[in-house]
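S.K.: Residues per chain are reported as follows:
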Amino acid sequence: MQVLYGRHHVRVFRFGLRLVRDEQVAEDLISEVFLDVWRQAGKFEGRSAVSTWLLAITRFKALSALRRRKDGELDDEAANAIEDTSDNPEVAVQKKDTSEALRKCLTALTPEHREIVDLVYYHEKSVEEVAEIVGIPENTVKTRLFYARKKLAELLKAAGVERGWP
Amino acid sequence: MMAMSKKMLEQEPSEIEMLLPFHAAGTLSARDARRVEEALARDPELARQYAVIREEYAETIHLNESLGAPSARAMQKLFAAIDAEPARRPSASLRWSARIAGFFASLSPRTLAWSASLGALALLLQAGVIGAVLVKNQTSTYQTASLSMNEPVTRALGPEAPPRALVRFAPDARVADITALLDNYQASIVDGAKGGMFRLQFGNKPMTKDEIAGLMSRLQGEKIVNLAVATP
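If you're matching them up, the sequences are chains R and V in order. Residues 1 to 166 in my numbering are what the first sequence spells out, letter by letter. Residues 1 to 232 in my numbering are what the second sequence spells out, letter by letter.
Please note that the accuracy of each hint is not assured.
Computed beta-carbon distance windows for the label pairs [claimed, not checked]:
#, chain 1, residue 1, chain 2, residue 2, range
1, R, Arg68, V, Ala80, 51 to 57 Å
2, V, Gly68, R, Arg68, 54 to 60 Å
3, V, Ala176, R, Val50, 26 to 32 Å
4, V, Thr179, R, Glu128, 55 to 61 Å
5, R, Glu138, V, Glu55, 36 to 42 Å
6, R, Arg7, V, Ala176, 55 to 61 Å
7, R, Arg47, V, Thr179, 29 to 35 Å
8, V, Glu12, R, Glu128, 18 to 24 Å
9, V, Gly68, R, Val50, 21 to 27 Å
10, V, Glu65, R, Glu128, 24 to 30 Å
Hints were generated in silico from the structure; no laboratory data involved. C-beta atoms are modelled at their ideal positions from N, C-alpha and C, and glycine is treated no differently.
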């Protein structure tokens, strides 16, 4: 368990944090995820990668945690929790920091879009693995990511960043 | 192609466009990756979109990496919870045995009967193999402490030693048949199956050349013997 935890806890934490947007909740989440893994190790059938299995459990736990709290309350808290001293997208653009603006816009995506972007880009999951984690058809994975990217482009455009697509 | 991808953007994305992010992350199959590479080489607009995707890919990684790591509290909480668990679940092997039991329970009586017959046959075959190995490794009736385990004492009985032969048994010979043959000929196996041949020794007394020839002839006539050659 220590080896498994050591190998995966940071990514599990980051995935959970991007979903629940609260460090304390995300930390509680990883304890719950790995405790579940310890309890249900026999149920792991080895058909998918361990990381895929862990991310699917994390997602389920994160959504349960989100449901336990009022959406509005969470969003306000979450916004406060993730608020940092860096510039907002518009200011970042004025300072010609497109990368910073892009990261701000990635944070501003809806949870549904955030998770798919993270799973594909950061966790480097394939179409099939994302479908398994999120519980949606493979074609939906592809279209959802496409529209997440379109939304990202719109947010960037609103912040004054033109990237030539779409 | 350029016109096509623009049109697609206004309506719905093409299959290749939807695969671009996965290509950037390196998670496509070799076949799809090749398709994407070919399309990128053909369509500059698609290539521009891919450059944008590479930027998104890099910044998503940057963003996630900046989230840091959980504190030690999370690990302490986890292992405290594990310690507080009442008792460990049954071991994996036990769970496997439960699965196997469940599998057999799900079989029909007829299937089960056939499986049992096959199992019995497999056991018989296994017994045969084990027996053959045991017989093969059996040496002469007694040995001295100074003698190598591989060298039967009968070899040192002098020029008037009992006759020996290299014998190859038929592949389908059963242990019981081989044992019966050894009894009938008062023979014992004195050396293992080298190249599928056993070295047998017959009786305790020397034989004349004619007697040995007759013995070999009788042996060759046995159903379970493929080959029998007299050796010094």
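S.K.: All the hints need checking, so say for each whether the structure fits it.
M.R.: Against the structure, the hints come out as follows:
| no. | hint | verdict |
| --- | --- | --- |
| 1 | R:Arg68 / V:Ala80: 51 to 57 Å | violated, 22 Å |
| 2 | V:Gly68 / R:Arg68: 54 to 60 Å | violated, 24 Å |
| 3 | V:Ala176 / R:Val50: 26 to 32 Å | violated, 52 Å |
| 4 | V:Thr179 / R:Glu128: 55 to 61 Å | holds, 59 Å |
| 5 | R:Glu138 / V:Glu55: 36 to 42 Å | violated, 25 Å |
| 6 | R:Arg7 / V:Ala176: 55 to 61 Å | holds, 57 Å |
| 7 | R:Arg47 / V:Thr179: 29 to 35 Å | violated, 50 Å |
| 8 | V:Glu12 / R:Glu128: 18 to 24 Å | holds, 22 Å |
| 9 | V:Gly68 / R:Val50: 21 to 27 Å | holds, 23 Å |
| 10 | V:Glu65 / R:Glu128: 24 to 30 Å | holds, 25 Å |
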